[in-house]
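Chemist: Here is what each chain is made of, one letter per residue.
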Amino acid sequence: MATKKTYFQGLGELANNPELEKFQEKEFAEKLPTEAFLSDNDKLSESSTSRRDFLKFLGFSTAAASLAACEAPIQKVIPYVVKPEETVAGVANWYASSFYDGNDFASLLIKNREGRPIFLKTNDLCDKGGINARIQASVLNLYDSARLKNPLANGEEASWSSVDQSIISGLEAAKTSGKQVVLLSSSIISPATKAVIDRFATKHNAKHVTYDALSVSAMLEANSDSFGVRTLPTYHFNKADVVVSFAADFLGDWLDAGHGKDYASKRNPSVATMSRHYQFESNLSITGANADYRTPVKASEIGVGLVNLYNFLAQKAGVSSVKVAKSGFSTQLQKAANDLWKAKGKSLVVAGGNNKDIHIVVNAINDLLSNHGATIDFSIQSKLKTGNDSDVTELINDMNSGKVGAVIAYNVNPVYNLARGAEFASALKKVELSVSFSDKNDETASVMNFVCPDHNYLESWSDAHPYTGVYALVQPTINPLFNTRQAQASLMSWTGLGADFYTYLKSYWTKNILGSTSWSSALHDGVFKTSTTEKTPAYQGSIDSAVSALSSLSGDSIDLILYTKTGIGSGEFANNPWLQELPDPITKNTWDNYLTVSPRFAKELGLTNENVSNGALDGDVVDLTVNGLTLRVPVLVQPGQAYKTLGLAVGYGRIGSGKAGDGVGVNAFVFADNFSTNLSGATLTKVEGEVHGFASTQLHHTMMGRDRIVKETTLDAFKKDPTSGNEQMLLATHKGPQAPEKVTLWEEHDRDVHWWNLSIDLNSCTGCGSCVIACHAENNVPVVGKEEIRRSRDMHWLRIDRYYSSDMTQEKADAEGVSAIDKFLEMEVASQAETLEVVFQPVMCQHCNHAPCETVCPVAATTHSREGLNHMAYNRCVGTRYCANNCPYKVRRFNWFNYSDNEQFDFYMNDDLGKMVLNPDVTVRSRGVMEKCSMCIQMLQKVKLDAKKDGRKVRTGEAQTACSIACDTGALTFGDVLDEKSDVFTESKSPRAYHLLEELNTAPSVWYQTKVRNKEI
Amino acid sequence: MHYESPIREPLILEDKTLHDITEDVARPIEGKANKYWWALFIAALLAFMWGAGCLAYTAGTGIGVWGLNKTVGWAWDITNFVWWVGIGHAGTLISAVLLLFRQKWRLSINRSAEAMTIFAVIQAGLFPIFHMGRPWLAYWVLPLPNNFGSLWVNFNSPLLWDVFAISTYLTVSLVFWYMGLIPDFAMIRDRAVKPTVKKIYAILSFGWSGKAKHWQRFEELSLVLAGLATPLVLSVHTIVSMDFATSVIPGWHTTIFPPYFVAGAIFSGFAMVQTLLLVMRKVVNMEAYITIKHIEYMNIVIMVTGSIVGVAYITELFIAWYSGVEFEQYAFLNRATGPYWWAYWSMMTCNVFSPQFMWFKKLRTSIAFTFFISIIVNIGMWFERFVIIVTSLHRDYLPSSWSMFSPTFVDIGIFIGTIGFFFVLFLLYARTFPVIAQAELKTIVKSSGSQNKK
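Protein sequence lines correspond, in order, to chains A and B. So for the first sequence, the working numbering puts the first residue at 1; every next one is plus one. So for the second sequence, the working numbering puts the first residue at 1; every next one is plus one.
For the record, the hints were derived by calculation from the structure and aren't laboratory data. It should be emphasised that the depicted structure is a prediction, and the values quoted were computed from it without experimental measurement. Beta carbons are placed, not taken as given, at the ideal position from N, Cα and C, and that holds for glycine. Heads up, some of the hints might be wrong.
What the hints assert, rightly or not - Chain A regions said to be covered by chain B (calculated; three or more residues, Cβ under 8 Å):
| no. | segment |
| --- | --- |
| 1 | 133-139 |
| 2 | 366-378 |
| 3 | 855-869 |
| 4 | 927-938 |
Sequences are here, hints too, so could you generate the full structure?
Modeler: Below you can see the structure in the form of structure tokens.
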């Protein structure tokens, strides 16, 4: 039985009181006397709220309302609605992945914070490949604002479905008309990608053409001639007692980024045999800078020299020698030959350049030395470069003759990096369908019909088979930022295979590679190794034709070498501001390419460099003509450069790369006809009245006789006395000679928890700059741009000082009675002799335990930690710069401007995309504060907290800094010297260990290890 | 036998009576400014405004608008600071030290010299504040109780000592100066006709009525303040020099700096006093009070301190060589022969050679020549600070970091601005303050017996 309930508000309602009902209808119980009030003027005028008051209130509330309406700073903190299982805010995840860009391969661990990849380090499970500055910086490419956000159809943004439709019909049309479909790519080392390409090629009857911007085609051809296999071997610099390199920049960009660590392992004077390294080259490369004996050689005379070396060795081997002109540097060659022969089977001869004849002779020399199978390993092949130069030439011809119906460009930029780029672009007009996978609207993409932007490698699935027996996986570490699609997926969808490359990859691996290993464990490791080896081919070469091509000196023409810089490489990363601002290891210049000219030649041509009033370097400008092509380039006078040979870096002069890379330098690829990087017949005309401003981070190039900055000795002296070159410095005191640390006013710090030290081995440091970029990435070091670098305001926390030897020395001045003024003037000039020596010295905050900076800060913004570090409290800093002035190492960097969110510094810290690369553990500094190396204090805190959480001590070697992680060659050793098991403890006790400027008794926490050269004096 | 002892030369010429002095001192205040004053004032004001604009630009944009770099972290800013502090030395020296030594000739010039001191220290004080990257936090250098945690200033830092030294110096100088002004303000008050003017000077003169008790307190306080101020003459520039002397930079790390800086400061201070007074005595007709005698005395001080500075320069060179420290040797060689040789030799010429002309009485009593040398010395002393700061920093220990410095328009603008500000203050002072301590001056009217002989 349903009952209808009634509720009542009071007893009156229950009793149905009519009075109450009347009241209930009204809002107010009694009528408000408004009319009476308003009509009574007398009362109104008495009212305390006058008209003026009313206006005041009105004014106030308007002002208050408008103030409240002013825009408050918007802070975008977006919480996870559903927290991803693996993500804990503030805790980094590391994913194994791989990098391959057509040049370098590295197996990596990628640091991911809150879903953003922000830092890379090498994956120790893979002993091949290696990290360099470019790979280290590649994380910033992900957040490049110039990346395409959508596919383009004829320059307009379009949808994937419409683009796919047009491309498929275009491909069909090409097939029906019987024209070629060409997939033009750089070398591809991904087996799954190759499988997709095969399927695509079968379906569309496509031809796959491969070329490398930095081609080693000649070397492949030479190996094909000498061994019958068109392949690259792997080189074991770690097994070579003697290395002779003919212009091979193997510590730079020669074949593989992994040579540095192998080489460095033989450069430690404490190992059984430290290697001896001869370098014959025209440009001063970082490899040459590290050599024990370096001979500058005119580019066109390298071949003759090489054949001379062959003859010296043939003589020793009892083989008939060949006819050749006498080389201008046979003394050095003879010496190298003697050393090589002594180290037969444990030596290595390598050569750079893309000249087949040279490589044929090199193969013969290594055969004479029985190096094949010992230091040169054909059983483990390198697959990193497979490009074929002649195929591209043929392609352009085919395109011109209208035989090509479709061109798909994958990871190549032919319009930019082919010497015949312009011809390629015009030939492209005769091709009905052109598609680029470029992630930017670059030189090539902009002349193509369709651009189907590829993911960045950090957003992609892929794999790699870089060496025999080594497989690696690439996994995405972030969701695609834009509406892009992996190139493989694009190809699959045009082949009718769907667009799920991940599934394809996984099934490919399970079927073909993994065997019994599980996919997840391979993915976890990032690398999968098998014990497969290739059959070693026998040497079957003949050098006759090569020798006849090389054997005569080419006369007196001016040669030009096209080289790569460690930062910019082939120019693919030109829009990476970290790399643009990374000083070239040798010239220390940033944001530029330039013509390097030897001092003697520059003098003859009347070309000069000079410093303007604020120290910045200016250079003359020339018109450089080679084979009828002219470029206007600035001149940099380069010590160590061979006379009459010029150097010009490729990778500059980009268009469409983005805001940082466009318009920087000139494109030198235009000269590289037939992929030759070694050209003759250059002419120079000085452009009168034009000067070019360089942006150099180091303006002074010699040590000015201060030999205690970089202490040096020779291997022989070191073997006799390990402290040689590192003799204890003594100061004269009233108590007699005393070590600087005994002459002190300082009270020692307690050393009870940790005592962090960093040791820098000057023998292992090759100067490559990888640590500099790692430091930028980890510590949010700002990029300041060319103009500010010209004002000597780089912000690098870690710099690599490069010093040239000088012809004037203290001893020479004493012997010859040179006056002090003349002595120092001559010391400022780098040596003009062939025996020029170069040293690299990484310098960061030395974390002095008697820190000059700490005593002078008026507000105690920089203080000492109880772990031996010099702290910098940005919040407390008022910016007097006194600390920087009083720093004898000049490692402190001042924020002259606001470098983030500032239109004037339009690099990456002023856009939301670029800012994603910032490390959330490190403050972005505001203007007006001092900053400097913190020894990656955030990483140390993490290690200590982890240990504390686990209730254990910090493990030996657990604590690292970004630079020590990034250093492939082991030059930087970080750790706790209170832990006697640590490497840094051993290093700090080494007879080679010294403190920079020890006479000041600043008691740094950074050690340097004496540089030992393997040379006779 | 009649022996007549020689009559002291009078300190005030033209047989001024006490009333004459009152009239002469009150005239610029009570009269109207002439067109020269206006021209100078407008020029100074424009320079000041330009400098203020440059300062605002710096504070708004960043220190990057100056020419500094990673190697040279101080240049014109601290050069100007030390220069102005140095100029500020003469006032206290004249008023305090000469008072203690009972040098009565000081009385015609001490007021203006002290005014100059205060205005110069104000200019100097701008630089430490505005050279900071974050000048809005300048108060952090004061040991204020705060809620930032346990943050306190760093008493090891010479820059902190500067804060104390400069502020103490400014305070004591200001009090000393003001105290001396009280009887003179009272004189102006008593003569004032307009009620507002009268009221203002009445407030400024603190109710001075010239009672014997007032005079007694006045004299006592003068003596006490002179005693306090005298050590400051030595301490201020000693401490400023410690900014450099306690550092590790070759060229800065020098124990000779304290006396060398003090001598340099007195040197430049007197030169600036000369520059100002030579103009002022002409413009406001004070030739009778600021006599050739004064000018000559001050020239002798300039000559002596200039020679002390010269000895210091040469000692530095000697010690650099004698120390055997290669960094030190190079630093000094580089000063004299490096890229900034012109600054070094400008300094040498202006500071060491030019004052030597003062050995000749004819030259040191020549007004035109004195004026010329005073300007030269001021230029030279600016270069001295520039040489010490920039040439030491630009090439220190590691040649990899060696660089150069070149000023921007902002650096120059701020310097010109402080000169403008200084003259704005000084010109306003000359029109509103009694420029000669007339009350005290009247005590020396009869210091010579020459009137009695008439």
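Chemist: Taking 8 Å as the C-beta cutoff, is the stated coverage of the segment 366-378 of chain A by chain B satisfied by three or more residues?
Modeler: Our answer is that it is violated, as 0 residues pass the Cβ test (under 8 Å) against chain B, missing three.
Chemist: Confirm or reject the coverage of the segment 855-869 of chain A by chain B under the rule of 3 or more residues with a beta carbon closer than 8 Å to the chain's beta carbons.
Modeler: holds (count 6)
Chemist: For the segment 133-139 of chain A, do at least 3 residues have a Cβ located nearer than 8 Å to some Cβ of chain B?
Modeler: violated (count 0)
Chemist: For the segment 927-938 of chain A, does the count of residues with a C-beta closer than 8 Å to a C-beta of chain B reach 3?
Modeler: holds (count 4)
Of the hints listed earlier, those the structure fails to meet are numbers 1 and 2, in rising order.
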